[in-house]
Amino acid sequence: MRIRTITLLLAWLAAPLVSAQADRLETPAQPSSRAAQAVLTDIARLPQRLVAVGEQGTVLLSDSQGDDWRQAQVPVSVLLTAVSFVDDQYGWAVGHDGVVLHSSDGGTSWQRQLTGDRINQLRVEQLQQALAELENADSPDEEQLERLQYALDDAELAREDGPSVPLLDVWFQDRNTGFVIGGYGLILKTTDSGQSWQSLDHRLPNPDRFHLNSLLADSRGRLWIAGEAGLLLRSDDLGERWQAVDSPYEGSWFAMAEQQGLYLLGLRGHLFHSEDGEDWQPVELAQRATLNGAIRQDGGLWLVGQGGLLLERTADGFVSRKAPVRRSFSAGVASGEQLILVGEGGVSRVAMAAREGAK
Amino acid sequence: MSGIGSNLLAPIRASEQLIERLLFNSRGLVLALFTLLTVWLLVQASQIRPDASFVKMIPTQHPYVANFLDYRDDLSGLGNSIRVVVAATDGDIFDADYQQTLKQVTDELFFIPGVDRSALKSIWTPNVRWTEVTEEGFVGGPVIPAEYDGSAESLEQVRINILRSGQVGRLVANDFRSAMIQVPLFDKHPETGEKLNYQQFSAQVEKLVRDKYQRDGIRIHITGFAKIVGDLIDGAVQVAIFFAIALGVTLVLLFLYSGSVTGTLIPLACSLVAVIWQLGLLKTLGYGLDPYSMLVPFLVFAIGVSHGVQIVNTISLEAGQGADKLTAAQRAFRAIYIPGLTALLSDGIGFVTLMVIQIQVIQDLAVAAALGVAVIILTNLLLLPLLMSYAGVGRRAIERARRSASQPHSRWQLLTVFARPAGAWSAVAVAGLFVLIGLYASQDLKIGDLDAGAPELRADSRYNQDNAFITANYSTSSDVFVVMVATGKEQCSRFETLTLVDRFQQYLTNVSGVQSSLSLADVSERVTAGLNEGNLKWRSISRNQYVINASLSYVPAGLMNSSCSLLPVILFLDDHKAETLQRVTEAVGSFADRHNSDNIQFLMAAGNAGFEAATNEVIGTAQYEMLLWVYGVVSLLCLATFRSLRTVICIIVPLALTSLLCQALMARLGIGVKVATLPVIALGVGIGVDYGIYIYSKLSTYLVQGYALPRAYLETLRTTGKSVAFTGMTLAIGVVLWIFSPIAFQADMGILLTFMFLWNMLGALILLPALACLLLPKEVRVSSKEVSDAVQ
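Protein chains in written order, with my numbering: chain A, 1 to 359; chain B, 1 to 792.
In case anyone wonders, no lab produced these hints; they're calculated from the structure.
Be aware that a few hints might be false.
[Stated by the list, open to error] Covered stretches of chain A (chain B as the covering partner; in silico rule of three or more C-beta atoms under 8 Å from a C-beta of chain B):
no., segment
1, 26–36
2, 161–174
3, 325–332
[Stated by the list, open to error] According to the in silico footprint, chain A covers these stretches of chain B (three or more CB under 8 Å from chain A):
no., segment
4, 196–209
5, 497–506
[What the hints assert, rightly or not] Computed from the model, here is a short list of chain B residues facing chain A with C-beta under 8 Å:
no., residue
6, T509
7, N510
8, S542
9, R543
10, N544
Beta carbons are placed, not taken as given, at the ideal position from N, Cα and C, and that holds for glycine.
Take the sequences, apply the hints, and build the full model.
This is the structure:
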């Protein structure tokens, strides 16, 4: 809290010096002739199209399985961190400064649905409301009351701090219902295609407000959130109630994947597997680079990570594939016969089938 | 001397009589005075030192350079460093012997005076570390582990540490077959305040590193500005050998030409005296000898010899007509003084027009050359006839002069065809064709340097090979353009500043020729991601100033200044071609126009490419300005001398044709208009006009005597043609050897000056009479008679 106060003071001191320069939340993404080599964080596969997102509001579209890319019109220029499409039209992308973008034309154009300022405001309003409801109840739970009051104080401070919290992942069930999650325990839900949002922060068993890194809906209809410092949460009722799951590891998780069971991907090559999500078994890997994302296709599974890491699941376990670049990968999709990877160096393509000496 | 303007040249004529009296009435005294001065200036000249200053080679008045100079101290961490690469030729760097050598070279460099030891970097220095994110946070250590012992295991550890240090492409080659030591230098030593002596430093690096450690299996590559300067000075010193060769060749030619020992040695000696005076005066005035002005002594010598030849030639003619030594010298002085002075003045003024170019090396060159010409007036127009009045030309030369004067048929007869209408028309037609060719070919003329690497040195020089090696094996370009982003104090790391810089860098990805860029914004983004477990999704500038400040707790040298009011954005370019630089400056300029405010300014430019951009802009405008000045001044001078526009056209058109063809030649040879080649045209025109002046003044004498043009021209050729041709030869010999200079721009100057001197000579011998034939009206004889009356 003290940190925020100091920052606030600094911001206030600096305020008269702020130029008329437009904020990155108000500035449309700039076209770049080298956008396909920019830092890209996530990629989504639509029936006929690939959509990748990344630094400074970059959204890239390819209708040729990655042969060529063009830049979409985006109203913000913040680092975008995740993208999710429910069909060939409807999709959402999230990013820093609490940005949620929506596209209803397959990624060609994007509208801003939410920013950090609005999120901060929502949190305060909804906590105030929840607090009021609780206080008006016949026998308010004192402990619950205190928790909400604390959360409200925190939200009010965050509101003064400005839209500084990034969103880190997005998942939509259908055109109406979806979730966004982010740093410092931020989570919001919508049931009307993003017209209105509900803050769920205070419903999560995450007292330390760890970052929420990855959201997964498994085949049994359960929602999973994997986050900082071994945080692992599960909801069996589409996000209404959340419970903490015993984590097999204290380091951070960066992604989850389902392919013949669930996988948890973490810091320094920590990989765990579970058939049912209850009992987690470590999967030994030959190297210790952080795992950032997974690609699944027709029963196959690939993992990507720091320093150009690309692993393929085989009968003999996960084996390392030679990656085209040594720079970190953040995510990937399978498209046709190839894997399209995104990361520090932009888009990279790798043949799906492992061949000797394949590049 | 008919045809010479009566009013303007009156003072010159008056001075002629005065000086002639002074000179020839007290020969002993004047000679003693000359001797004393020569001895004193010789002592001075012997102390002159080679000198190459970076700032002198760039246009300091240009806003880019002015901006750089404003922030020079803040930018000191940038640029002035050398890079030493130790390459394993038969294996890779994971070899105990290799690592031992790398360690020794690192230590060796550490102790060379002038090195900023705290910032010296190699995988063997403790400031180069690997880091890794673990569950507990960052861990890290030096790349060479403390327990390193050269064993296979510890070499494997080194390999792992290098991979996680992120130094591949920076301190370690992409192919792991070489490693780099980055050696930042102090411009001024912080303790002693002594300025870095580049030549000495460069020599020490050669001796202590390359000579000592290069062997079978190990190659050393060295690049950096200090090394360029060192190599330049070393190369320039080799030019002294060319001077000796030029001297020898001139001596032989002069003897063949004059047939007289005194007529050979005295002009040569006087020209050498001119060189001594020129160098001595330069030293006295506080100048050094930079690689550009190093060429002036050659010119001074050649010009001196060519004027000396005119005098010796005239003395021989006079002596051939029976005059004694003193009278012959005195008459020759009288005959040569005015055209000689005019020609030398036009040379000098031609050089002085170079002063309009705001680049100090060019201005220094102008001063040195103008000084040299002024000195020639004293040594070759005054001292030379004086010495000849003692020595005489010798009987053989007199015999020869007499013989050739009485020879009715001459080889020169051939050339008179151009003084008749048919020949004149064909000469002009050919010239017209050349104009078209010249115009067509010179379209490709480029501004700036066109080759990769250090353009001052030859493409196949060791420096440029070293540079090419580094460019090929490391991920850094040697063409660096720095945009300085200026803010208020303590504002350089503000969120608004960094996001705008971030956007600026993204904007630059659209500029073709910009490979990549680097700034404080990149550091902040990377460290912010690092603070969040290396997660790419956090690689952004935080809106939280506290996080930004934390991300900038360690900033590599040169990415911000100590008061946080300046953050350089370093652009790595594909090359330094003029178009590339222009694209970059236009793009940066347009971004700056849109975003500069009271709080933040995007200022160009530092870095070698930045200075080159400034130089190109200055040269681009100066080249026309300079042409205008040099032609304007030379034309005016000719007009004042001959008082006829037509005459001016006769003299100037051949020069202009040569200038045009010179540009076409530059375009063909891929030589750009640059600091080194810009002065060439001024020098070429300034010196080239001499031919025209000598020929025309003689020609008009014969026209006045009533000869028809072809006859008058033949007489002109018989008397001065030989010396004009000889002048062209001596000038060309003086400069042609520069073609072999190890310094690329000296070679370019050599090619172009040789071309200009020879073509100007041909132009004066062929095109001048042709133009005269077509332009001068019949009544020219009458009008020139009037003028000659006025003169006499």
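(request) Tell me if chain B covers the segment 161–174 of chain A under the three-residue, 8 Å CB rule, please? (result) holds (count 6)
(message) Can you tell me if the segment 26–36 of chain A counts as covered by chain B, using C-beta to C-beta distances under 8 Å and a minimum of three residues?
(response) Since 7 is at least three, the answer is holds.
(message) Under 8 Å between beta-carbons, do enough residues of the segment 325–332 of chain A, three at least, approach chain B for the coverage claim to hold?
(response) With 3 residues close enough to chain B, the hint holds.
(message) Holds or violated: the hint that T509/B contacts chain A, with Cβ atoms closer than 8 Å.
(response) At 4 Å from the nearest chain A Cβ, T509/B passes the 8 Å test, so the hint holds.
(request) Against chain A, run the beta carbon of S542/B and see if the smallest gap drops under 8 Å. (result) holds, 7 Å
(request) Closer than 8 Å, Cβ to Cβ, for at least three residues: run that test on the segment 196–209 of chain B against chain A and report holds or violated. (result) n = 0 at 8 Å, threshold three: violated.
(request) Return the status of the interface hint for N544/B: holds when the least beta-carbon distance to chain A is below 8 Å, violated otherwise. (result) holds, 5 Å
(message) Checking hints one by one. Is R543/B an interface residue toward chain A, by the C-beta closer than 8 Å rule?
(response) With a minimum Cβ separation of about 4 Å from chain A (threshold 8 Å), the hint on R543/B holds.
(request) Three residues minimum, CB to CB under 8 Å: does the segment 497–506 of chain B make the cut for coverage by chain A? Let me know. (result) holds (count 5)
(message) For the restraint on N510/B, tell me whether the closest CB of chain A is nearer than 8 Å.
(response) Holds: closest Cβ of chain A sits about 5 Å from N510/B, inside 8 Å.
Checked against the numbered hints above, the structure breaks only hint 4 and satisfies the rest.
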